[in-house]
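Following the hints, position chain B against chain D.
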Amino acid sequence: MKKAIAIIGLTAVIAANSQAAAVTVTLACGAVGQELELCKAGADRWAKKTGNTVKIFESPNLTNDRLGLYQQQLAAKSSDIDVYQLDVVWPGLLSQHFVDLKTKVPAAEVNQHFKGIVAANTVNGKLVALPWFTDAGLLYYRTDLLTKYGYKTAPKTWAEMAAMAKKIQDGEQKTNKSFTGFVWQGKNYEGLTCNALEWVVSFGGGTIIDDKGNVTINNARAAAALDAAASWVKSVSPAGVTTYGEEEARGIFQSGNAAFMRNWPYAWALGQGDDSKIKGKIGVAPLPSGTGGKPAATLGGWQLGVSTYSKNQATAISLVRYLAGPEEQKIRAIEGTYNPTIERLYKDQAILKANPFFGSLLSVFTNAVARPSGPTKSKYNQVSQAFSSAVSDVLNGKSKGAAAVAKLSTDLARIKGRGW
Amino acid sequence: MTTDATPKLAAPIRRRGIEAARAQQALWLLLPTLIAIALVAGYPLYRTIFFSLFDANLTTPDERTFLGIGNFWFTTAEGVQLGFLQDPKWWEAVKNTMLFTVVSVFLETVFGMIIALVVNTAFPGRAFLRTAMLVPWAIPTVVSAQMWGYMYNDSFGLIGRGLLGGQALLANTDSAIWALIAVDVWKTTSFMALLILAGLQSLPTDMYEAADMDGATKWTQFWRMTLPLLRPALLVALVFRSLDALRVFDVMYVMLGPVNAGSTSMTGYARLQLIDNSLLGVGSAVSVAIFVIIMVIVVMYVTAFRVKFD
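Those protein sequence lines, which keep their order, are chains D and B.
Residue numbers for the first sequence, in my numbering: 879 to 1298.
Residue numbers for the second sequence, in my numbering: 98 to 407.
So that you can see chain D by itself, here it is in the shape it has in the complex:
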């Protein structure tokens, strides 16, 4: 009985306290690389400033898994998560579940971000989320190995890259059986769509679906791009590359077992960490170009949006504004190589000192190629899935490039069905 009274008393005190002082908001963070730690640290800084509490919700690593989970939460109108971290291709898919930040955040604060990214987050005039960091595919290489095998610069074309990878791999395998030339994201998921879009665009094969919504993938250049990528599997890339996501590729590169890697900027800070075997031996360059094309990087990046089902919207918006603000973006850029979405931060000396390639590769970030999520709207995920499955078939030797893009264009017509 005494115990019961004590419990009731305690609950009453806790309830009264939380009402009077602070609010708890739940923030869904990614957990790729350092994401989780940086996310927690940022949330803690905000919590300390405002006196509120932040609960962290850990999201799955693969973006497909994350989207599935979020869609269930949102469809159930769940108030469990207040702030969601959204992929750049999701606003069109999820816009109706998020608070319009245009009316809640001063225009000057919104306009400090890159225009293109703000546009990607605006659906029918509604600002679904605030940009948090931007991303583009980069080519990482081992400066020490390039020198060792007599190369002076990073490769300019894919063919050059493959030849260099082959030579380095053959040489290194004499002493290290696990060594491989080139690692990337070949698992059948959204990451493969990003990788393959880079090959196709760099060969001049278009962006799968053009701005008007026409299917453009069925062309010889796209087919050639896929065939080129398939030729890397089992020659300069391990057989298992078709099961790798970002973290698997980074694991191999960072343990010193690969000459080249395609990955997002976040891999830089981790590769320069004290526990990295290749600290100080990493070079970063734009991705190579294909025959008759120019280099291309897929635009990635994450945004923060406030759920309309949140019970503490005002507090959640304050958290989003803080995390997406310049102060926090600067910390994340220095500690985790997360590319700021605020233009003036690219002139910040502290950031450039931590990430020397930011300045020289600024054009890669600002000219990155968008996936066709705009024209395909809510069907983007199906399009991406059909594309990555077709690419996966080519990589696994189930079909050739030309046959795959022909079948893909039929599949895409099917998905388009009654219109995008």
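Simulated from the structure, these hints should not be mistaken for laboratory data.
These numbers come from a predicted model, not from an experiment.
A couple of the hints might just be wrong.
Claimed, not checked - The calculated BS3-like cross-link candidates involving lysine-lysine, where the alpha carbons are at most 25 Å apart (straight line), are: (1) K982/D x K1189/D; (2) K1278/D x K1112/D; (3) K1052/D x K1030/D; (4) K1044/D x K1172/D; (5) K186/B x K1276/D; (6) K1255/D x K186/B; (7) K1276/D x K1044/D; (8) K1294/D x K1278/D; (9) K1044/D x K1055/D; (10) K982/D x K927/D; (11) K1285/D x K186/B; (12) K192/B x K1278/D; (13) K1044/D x K1208/D; (14) K955/D x K1189/D; (15) K284/B x K1294/D; (16) K1208/D x K918/D; (17) K192/B x K1285/D; (18) K1189/D x K1034/D; (19) K980/D x K955/D; (20) K1276/D x K192/B; (21) K1030/D x K1155/D; (22) K186/B x K1278/D; (23) K1034/D x K1112/D; (24) K1189/D x K918/D.
Unchecked claim - Selected chain B positions facing chain D (Cβ under 10 Å, derived; list incomplete): (25) D184; (26) G246; (27) N250; (28) A268; (29) T270; (30) S375.
For every residue, glycine included, the Cβ atom is placed at its ideal position computed from N, Cα and C.
This is chain B only, laid out in the frame that chain D set:
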């Protein structure tokens, strides 16, 4: 004769009255259960069948348009095939699920039988072994699948690197299905062994003593006595395992990811359509199809083998 007939007639009438009353009473006692089933099983099933006839999106289920069987089979005027039954990926999933079910249940039954026969004989430490053999089955599938995923990894895995010298079994759905069958056999054989063991222990021992006296070999005893007597228990175990295998989802999802799981298991395909693509209508239609397929197989099993569940 007339005096004889009256009590004979009266008795059954009275008995029927009691039975009727009992039946009525039983119905009242069953009613809460029936209501519970209707709520937790009937309503979701009704909603699934309902949504299978509509074009609806997962995030906005209220904005829907009626399609009829369009989610199953529909060809537009331009010849574009929109029904999921016209999707090759679905048929690939069906083929792989059937292969998975037949092969894994067969292997589990054979291995389970061998293990059960061994554990059924008396030897020191038998009780410990019976508990220990259930360990793989007791580990949650998500955990064991992830564990096997690491073992299959081509650059550091025990199997992928160590045994196969850097092959990636999971890269290709054609080879992945065999890797998945291996995981399922590893995991569920012990469960099958336990079911068969329960059946073995109900067999009378004096029958074997008699057979030994008559000079029947162990081999003949197994084929002529054990197996026929074990049949009912074995069939129930087979039905349960087959149904489980047809509904398999977690192994594929964890080891292959959502997209490739969609072409290796029927449930994976349903999830892909329903969740990843947020096609509530198509996803429901696929679920209805899986329901029908499993029901047909159960009916076939039960009628062909005259399985008795009691």
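Structure-based check of each hint:
Proposed proximity of K982/D and K1189/D is supported: the alpha carbons are some 16 Å apart, at most 25 Å. Taken as a hint, the K1278/D and K1112/D pair is honoured in the structure, with Cα atoms around 16 Å apart against an allowance of 25 Å. Of the supplied pair hints, the one linking K1052/D and K1030/D holds, its CA atoms being roughly 23 Å apart against a limit of 25 Å. Taking the CA atoms of K1044/D and K1172/D, the gap is about 23 Å. The hint holds against a cut of 25 Å.
For the hint linking K186/B to K1276/D, the alpha-carbon distance of about 14 Å falls within 25 Å, and the restraint holds. Between K1255/D and K186/B the CA atoms are separated by roughly 23 Å; this keeps the pair inside 25 Å, and the hint holds. The straight-line distance between the Cα atoms of K1276/D and K1044/D is roughly 24 Å, inside the 25 Å bound, and the hint therefore holds. A threshold of 25 Å between alpha carbons decides the hint, and for K1294/D with K1278/D the separation of about 24 Å falls inside it, so the pair holds.
Simply put, K1044/D and K1055/D have alpha-carbon atoms about 14 Å apart, close enough for the 25 Å limit, and the pair holds. Of the pairs offered as hints, the one joining K982/D and K927/D holds, with about 20 Å between alpha carbons and a cut-off of 25 Å not exceeded. At roughly 13 Å between alpha-carbon atoms, K1285/D and K186/B fall within 25 Å of each other, so this suggested pair holds. Simply put, K192/B and K1278/D have alpha-carbon atoms about 23 Å apart, close enough for the 25 Å limit, and the pair holds.
At roughly 39 Å between alpha-carbon atoms, K1044/D and K1208/D are farther apart than 25 Å, so this suggested pair is violated. Simply put, K955/D and K1189/D have alpha-carbon atoms about 11 Å apart, close enough for the 25 Å limit, and the pair holds. About 42 Å separates the Cα atoms of K284/B and K1294/D, which puts this hinted pair outside 25 Å; it is violated. With a C-alpha separation of about 16 Å, the suggested pairing of K1208/D with K918/D holds against the 25 Å cut-off.
Between K192/B and K1285/D the alpha-carbon distance is near 21 Å, which keeps this suggested pair within the 25 Å criterion. Pair hint K1189/D plus K1034/D does not hold up; C-alpha atoms about 52 Å apart against a cutoff of 25 Å. For the proposed pair K980/D and K955/D, the alpha carbon gap of about 22 Å is at most 25 Å, so the pair holds. Proposed proximity of K1276/D and K192/B is supported: the alpha carbons are some 17 Å apart, at most 25 Å.
The straight-line distance between the Cα atoms of K1030/D and K1155/D is roughly 22 Å, inside the 25 Å bound, and the hint therefore holds. At roughly 18 Å between alpha-carbon atoms, K186/B and K1278/D fall within 25 Å of each other, so this suggested pair holds. A C-alpha spacing of about 22 Å is found between K1034/D and K1112/D, which places the hinted pair at or below 25 Å, so the restraint holds. The suggested pairing of K1189/D with K918/D holds, with an alpha-carbon distance near 21 Å, which does not exceed 25 Å.
At its closest, the beta carbon of D184/B sits 8 Å from a beta carbon of chain D; the interface hint therefore holds under the 10 Å criterion. Interface hint at G246/B: satisfied, since its Cβ lies 9 Å from the closest Cβ of chain D, which is below the 10 Å cut-off. Taking 10 Å as the C-beta contact cut-off toward chain D, the hint placing N250/B at the interface holds, the least distance being around 7 Å. Interface hint at A268/B: satisfied, since its Cβ lies 4 Å from the closest Cβ of chain D, which is below the 10 Å cut-off.
The criterion of a C-beta within 10 Å of any C-beta in chain D is met by T270/B, whose closest approach is roughly 8 Å, and the hint holds. Using the Cβ-Cβ criterion of 10 Å, the hint placing S375/B at the interface with chain D is satisfied: the shortest such distance is roughly 6 Å.
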